[in-house]
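Chains A and B are the protein sequences, given in the same order.
Quick note: the first sequence uses the numbering used here, first residue 1, plus one each step.
Quick note: the second sequence uses the numbering used here, first residue 1, plus one each step.
Derived by calculation from the structure, the hints in this document are not laboratory data.
Since the structure is predicted, the reported quantities are computational estimates derived from the model, not experimental observations.
Yeah, the Cβ is synthetic: ideal placement off N, Cα and C, and Gly gets one too.
Do not rely on the hints blindly, as some may be mistaken.
List time: in silico DSBU-like cross-link candidates among lysine-lysine, alpha-carbon distance up to 35 Å [as the list claims (entries may be wrong)]:
#: 1; chain 1: B; residue 1: K42; chain 2: A; residue 2: K78
#: 2; chain 1: A; residue 1: K71; chain 2: B; residue 2: K42
#: 3; chain 1: B; residue 1: K56; chain 2: B; residue 2: K2
#: 4; chain 1: B; residue 1: K2; chain 2: A; residue 2: K16
#: 5; chain 1: A; residue 1: K78; chain 2: B; residue 2: K2
#: 6; chain 1: A; residue 1: K11; chain 2: A; residue 2: K71
Quick list of simulated restraints, FRET-style, between CB atoms [to be verified]:
#: 7; chain 1: A; residue 1: G85; chain 2: B; residue 2: K2; range: 16 to 22 Å
#: 8; chain 1: A; residue 1: P8; chain 2: B; residue 2: G16; range: 22 to 28 Å
#: 9; chain 1: B; residue 1: G16; chain 2: A; residue 2: K16; range: 21 to 27 Å
#: 10; chain 1: A; residue 1: K78; chain 2: B; residue 2: A68; range: 18 to 24 Å
#: 11; chain 1: B; residue 1: N94; chain 2: A; residue 2: T76; range: 19 to 25 Å
#: 12; chain 1: A; residue 1: E14; chain 2: B; residue 2: A68; range: 49 to 55 Å
#: 13; chain 1: A; residue 1: V73; chain 2: B; residue 2: N22; range: 21 to 27 Å
#: 14; chain 1: A; residue 1: K16; chain 2: B; residue 2: N53; range: 37 to 43 Å
#: 15; chain 1: A; residue 1: T97; chain 2: B; residue 2: S82; range: 45 to 51 Å
#: 16; chain 1: A; residue 1: D63; chain 2: B; residue 2: Y71; range: 34 to 40 Å
#: 17; chain 1: A; residue 1: N30; chain 2: B; residue 2: E3; range: 45 to 51 Å
#: 18; chain 1: B; residue 1: G59; chain 2: A; residue 2: T97; range: 16 to 22 Å
Example chain A residues on the side facing chain B (calculated, C-beta under 8 Å, incomplete) [to be verified]:
#: 19; residue: G40
#: 20; residue: G42
#: 21; residue: P43
#: 22; residue: L45
#: 23; residue: R48
#: 24; residue: E53
#: 25; residue: D56
#: 26; residue: S87
#: 27; residue: L91
#: 28; residue: T99
#: 29; residue: Q100
#: 30; residue: F102
#: 31; residue: G103
#: 32; residue: P104
#: 33; residue: G105
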Amino acid sequence: EAGVVQSPRYKIIEKKQPVAFWCNPISGHNTLYWYRQNLGQGPELLIRYENEEAVDDSQLPKDRFSAERLKGVDSTLKIQPAELGDSAVYLCASRYTDTQYFGPGTRLTVL
Amino acid sequence: QKEVEQNSGPLSVPEGAIASLNCTYSDRGSQSFFWYRQYSGKSPELIMFIYSNGDKEDGRFTAQLNKASQYVSLLIRDSQPSDSATYLCAVSNNDMRFGAGTRLTVKP
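In isolation and in its complexed conformation, chain B is listed as follows:
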């Protein structure tokens, strides 16, 4: 079992729709959870982090964490073509472990 699992996609949504990205992790001791966006040929950039169970909202982005289910998700509201990228889920218990990423395409 991989430490951090994501659906590789591609996930395709129309412009203006909600994109939902999911991630599960295996280490119950994980303390911090991150979502990174990576455009093709570029390095990952941090979108959001979440530490506590529940929802955390930042603009069009909402991160959701359920530690009991070892599940973290990212919702992107009003998706834009510029949101098209690979989204990496990362989980930290001192060191960061990344999922393989989900490729998102937002179609105009």
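One chain only, chain A, in its complex shape:
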């Protein structure tokens, strides 16, 4: 069984530029999460989807971040414009029963 797939694995951009991350969850997993993990910290929830519905986006900085999960499968997280403080690893996870499975993450560096 394929795991959670994310791309790109690494991204370097200049501040004020846009960036997008893509996630393909494990087949059959209806719940999808986006997390941000800063160095030395645990993952911080940005948004949770149940199928195509965003059911918890209270931690998503909506002035510059947006996300979508069309058709309830793949998801895209976008930042526009990026700021220096957005440098982090962005993790996607999908859930089966109570267990979350993480993708490899996208390491974003904003210069």
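Take the given structure of chain A and dock chain B to it, following the hints.
This is chain B only, laid out in the frame that chain A set:
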């Protein structure tokens, strides 16, 4: 107060010893408790989950939960150098909240 607190470490134990990792949480409504292992530069991977008070054993790993004290721990018996990683405690009441992790080093 952070929702999930862990000692950041580093915790260093000799090979073969027992490593003890601790975690406290603030939300009394939390229902599920997880331990994830994260190697440097990698994503978290699930080690164990526990729902009920008491102990749960899986191989060399034992998770302990005390809801009254809002405390969950992970014991690693016969620690190996390959156990060296950051261990993340996570607590769920619908959504998962992670601690900052404890860095464990097992010395040969």
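Hint-by-hint comparison with the structure:
Under the criterion of a C-alpha separation no larger than 35 Å, the hint pairing K42 of chain B with K78 of chain A is consistent with the structure, at around 22 Å. For the proposed pair K71 of chain A and K42 of chain B, the alpha carbon gap of about 29 Å is at most 35 Å, so the pair holds. At roughly 26 Å between alpha-carbon atoms, K56 of chain B and K2 of chain B fall within 35 Å of each other, so this suggested pair holds. The straight-line distance between the Cα atoms of K2 of chain B and K16 of chain A is roughly 31 Å, inside the 35 Å bound, and the hint therefore holds.
Among the hinted pairs, K78 of chain A with K2 of chain B is consistent with the structure: their alpha-carbon atoms are about 28 Å apart, no more than 35 Å. For the suggested pair K11 of chain A and K71 of chain A, the alpha carbons sit about 26 Å apart, so the restraint of at most 35 Å is met. Distance hint for G85 of chain A and K2 of chain B: a CB-CB separation of about 20 Å, consistent with the stated range 16 to 22 Å. At roughly 41 Å, the beta carbons of P8 of chain A and G16 of chain B sit outside the given window of 22 to 28 Å.
Between G16 of chain B and K16 of chain A the CB atoms are about 53 Å apart, so this pair departs from the stated range of 21 to 27 Å. The hint said 18 to 24 Å for the Cβ distance between K78 of chain A and A68 of chain B, and at roughly 44 Å that hint is violated. With their beta carbons about 24 Å apart, N94 of chain B and T76 of chain A fall inside the hinted range of 19 to 25 Å. For E14 of chain A paired with A68 of chain B, a C-beta distance near 52 Å keeps the hint of 49 to 55 Å intact.
Separation of V73 of chain A from N22 of chain B is about 39 Å and departs from the stated range, judged on CB atoms against 21 to 27 Å. One distance hint, 37 to 43 Å for the beta-carbon pair K16 of chain A and N53 of chain B, is violated here, with the actual separation near 51 Å. Roughly 28 Å separates the CB atoms of T97 of chain A and S82 of chain B, a value that falls outside the hinted 45 to 51 Å. The hinted window of 34 to 40 Å between D63 of chain A and Y71 of chain B holds, with their beta carbons roughly 38 Å apart.
Judged by the Cβ atoms, the range 45 to 51 Å given for N30 of chain A and E3 of chain B is violated: they are separated by roughly 25 Å. In this structure, G59 of chain B and T97 of chain A meet the distance hint of 16 to 22 Å, their C-beta atoms being roughly 21 Å apart. The interface hint given for G40 of chain A holds, since its Cβ lies 7 Å from the closest Cβ of chain B, which is under the 8 Å cut-off. For G42 of chain A, the interface hint holds, since its Cβ comes within 8 Å of a Cβ in chain B; the closest pair sits about 3 Å apart.
A hinted interface residue such as P43 of chain A counts as satisfied when its beta carbon comes closer than 8 Å to some beta carbon of chain B; here the least separation is about 5 Å, so the hint holds. Here the hint on L45 of chain A is kept, as its CB sits about 6 Å from the closest CB of chain B, short of 8 Å. Evaluation of the R48 of chain A hint against chain B yields a held restraint, the C-beta minimum of about 6 Å falling below 8 Å. Against a cut-off of 8 Å between C-beta atoms, the interface hint on E53 of chain A is violated, since the closest Cβ of chain B lies about 14 Å away.
The interface hint given for D56 of chain A is met, as the beta carbon of that residue sits about 6 Å from the closest beta carbon of chain B, less than 8 Å. Against a cut-off of 8 Å between C-beta atoms, the interface hint on S87 of chain A is violated, since the closest Cβ of chain B lies about 15 Å away. Taken as an interface hint, L91 of chain A checks out: its beta carbon lies about 6 Å from the nearest beta carbon of chain B, inside 8 Å. Look at T99 of chain A: its Cβ gets to within about 6 Å of chain B, closer than 8 Å, so that hint holds up.
A least Cβ separation of about 6 Å between Q100 of chain A and chain B falls short of the 8 Å threshold, and the interface hint therefore holds. Hint status for F102 of chain A: holds, given a least beta-carbon distance of 4 Å to chain B, under 8 Å. Among the interface hints, the one on G103 of chain A holds; its C-beta lies about 6 Å from the nearest C-beta in chain B, closer than the 8 Å criterion. Among the interface hints, the one on P104 of chain A holds; its C-beta lies about 5 Å from the nearest C-beta in chain B, closer than the 8 Å criterion.
For G105 of chain A, the suggested interface contact is upheld, since its CB lies about 5 Å from the closest CB of chain B, less than 8 Å.
Figure legend: structure checked against the earlier numbered hints; hints not met, in rising order: 8, 9, 10, 13, 14, 15, 17, 24, 26.
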